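Spelled out from the first residue to the last, the chains are:
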Amino acid sequence: MMGRPTATKTILEARASLLSGLRSFFEARQSLEVDVPAIAKAPASDPWLDSFTVSDPAGLHVGYLLTSPETYLKRLLSEYQCPMHAIGKAYRANEEGSEHAIEFTMLEWYRPTAIRPFQTMVSEIQDLIETLTECGRPEVISYKDIFEATYGLNPHQAEAVELVGFASNLLGPKAAASLDLDSLLNVLFATEIEPHLTNHIVIDFPAIQSALARVESDGADTVAKRAELYIGGSEIANGYHELTDPIEQAARFDEDNRRRELLHRPSVPKDDALIDALTSGLPESYGVALGVDRLLKVMTQSKTLSECMTFTGHL
Amino acid sequence: MASFSTNEFKSGLKVLIDGDPCTIVENEFVKPGKGQAFNRVKIKNLKTGRVVEKTFKSGDSVEAADVIDLDMEFLYADGEFYHFMMTDGSFEQHAADAKAVGDASKWLKEQETYIITLFNGAPLAVTPPNHIELEVVETDPGLKGDTAQGGSKPATLSTGAVVNVPLFIEIGEVLRVDTRTGDYVSRATKK
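Protein chains in written order, with this note's numbering: chain A, 167 to 481; chain B, 318 to 508.
One should not assume that every hint holds.
Coverage of chain A stretches by chain B, computed from C-beta distances (three or more under 8 Å per stretch; other residues unrestricted) [to be verified]:
| id | region |
| --- | --- |
| 1 | 168 to 179 |
| 2 | 256 to 262 |
| 3 | 328 to 341 |
Honestly, the hints are just simulated from the structure, not real lab data. These numbers come from a predicted model, not from an experiment. From the three backbone atoms N, C-alpha and C, an ideal C-beta is built for every residue, glycine too.
Start from the sequences and build out the full structure, keeping to the hints where you can.
Encoded structure:
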């Protein structure tokens with residue numbers, strides 16, 4: 167029979183219980199649950215995110231299916247200045263595999279706080295995992311420490327030429343030489359480091375991977391204030407000490423589009439509504455996005471994401 | 318020349334890597350949330366049998382290998398080549414060298430059907446059927462009354478293969494053997 171569910175009833179029960187656990191966790195922390203549109207005028211500008219476009223029946227462009235609810239949540243945050251979270255579908259074109267699906271469930275939350283926002287974020291992610299799973303409290307480790315331990319290089323100082331050699335072993339010299347610094351770091355991290363992260367939060371990423379996180383200097387190195395949670399070798403959540411400066415934000419949009427052009431990928435319209443929200447004032451805050459299906463996958467020790475979702479591969 | 322993009326990768330796909338025919342054993346899509354996507358692929362070199370791991374940028378293409386598996390009947394060996402004939406009625410013949418035949422040489426029996434893997438039209442590998450029936454040509458005499466369990470002895474089969482068999486097996490008997498493990502399975506059922 168075609169089109170049967172890909173998840174067992176047992177997994178669906180675990181999924182329902184995880185979703186209600188997540189809701190209780192945020193309710194207890196006075197966070198407002200909101201649900202936001204899935205379609206927006208401007209998609210995420212990250213060079214490696216592909217958004218589906220939405221057209222009306224006449225074929226006229228309407229907008230983009232969002233890769234995360236970030237733009238709407240930040241606009242709400244700027245208006246209401248309170249903790250909030252959303253659990254909903256996110257869409258990413260061209261992402262399919264045992265750990266990827268084009269349509270998946272994302273939990274994203276924001277919390278305004280002026281007191282040590284980054285540390286508060288890391289401990290809130292730790293609390294969430296400790297409360298809702300049997301994995302225990304994730305261990306915090308810096309990107310620099312783990313990268314140095316694996317490759318013997320400081321990732322914040324390393325230049326592309328120094329990393330090409332390592333990437334050559336994986337991709338061959340020609341493909342390795344075609345990668346920029348960001349992709350070199352990504353492939354090296356994803357192949358040799360990520361599989362060994364059993365329950366870890368990696369903090370302080372290379373500045374080139376800042377996306378919409380703040381960049382800070384900790385003396386010798388400039389780092390992006392990002393924290394990523396990995397369990398069982400899978401990337402589960404990604405948190406930022408959020409950028410609040412509209413000028414810097416606009417500059418990053420332009421930089422993303424410039425990189426898109428270099429990579430021969432389509433440029434995207436600038437998210438003016440988000441820049442307006444930052445201009446009118448985004449509180450000092452942090453934000454975290456968490457892949458609910460991925461978390462369920464590691465909690466149930468499933469082999470693939472599709473075992474954790476009602477239907478996959480049906481298109 | 319045909320080629321496959323990484324999003325067409327799946328196990329069993331035959332591709333050309335550094336000039337060698339390979340088959341994809343496992344394909345994994347790897348993509349950090351914000352980063353470039355890669356495919357980590359386990360590839361078996363069909364010439365050497367070695368399995369290696371390789372990484373591709375998602376979206377890149379790899380040349381397809383002209384590799385095809387065909388059913389062929391073994392005809393004879395002439396000392397240098399092993400001759401096979403298509404079973405599709407075309408009577409088309411192919412000569413495989415010792416390298417292509419490899420370990421399958423000890424399971425070659427006339428009129429038996431084998432899978433011949435052709436690369437650019439030439440035999441690259443020979444795969445015997447999982448089970449094959451062969452006659453015992455040499456073994457120590459069987460022990461009277463010892464029909465149940467206990468002990469085994471070597472027996473040489475008509476193809477030259479040596480397998481461990483129960484003590485009651487005698488010369489001239491036809492045995493069913495698992496070619497993947499080289500293990501004795503049973504006496505062949507009398508026809």
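**Asked** For the region 256 to 262 of chain A, do at least 3 residues have a Cβ located nearer than 8 Å to some Cβ of chain B?
**Response** holds (count 3)
**Request:** Please count how many residues of the region 168 to 179 of chain A have a CB within 8 Å of a CB from chain B and say whether that reaches 3.
**Result:** violated (count 0)
**Message:** Using a Cβ cutoff of 8 Å, are there at least 3 residues of the region 328 to 341 of chain A near chain B, or does the coverage claim fail?
**Reply:** holds (count 4)
Hint 1 from the list above is the single one not met by this structure.
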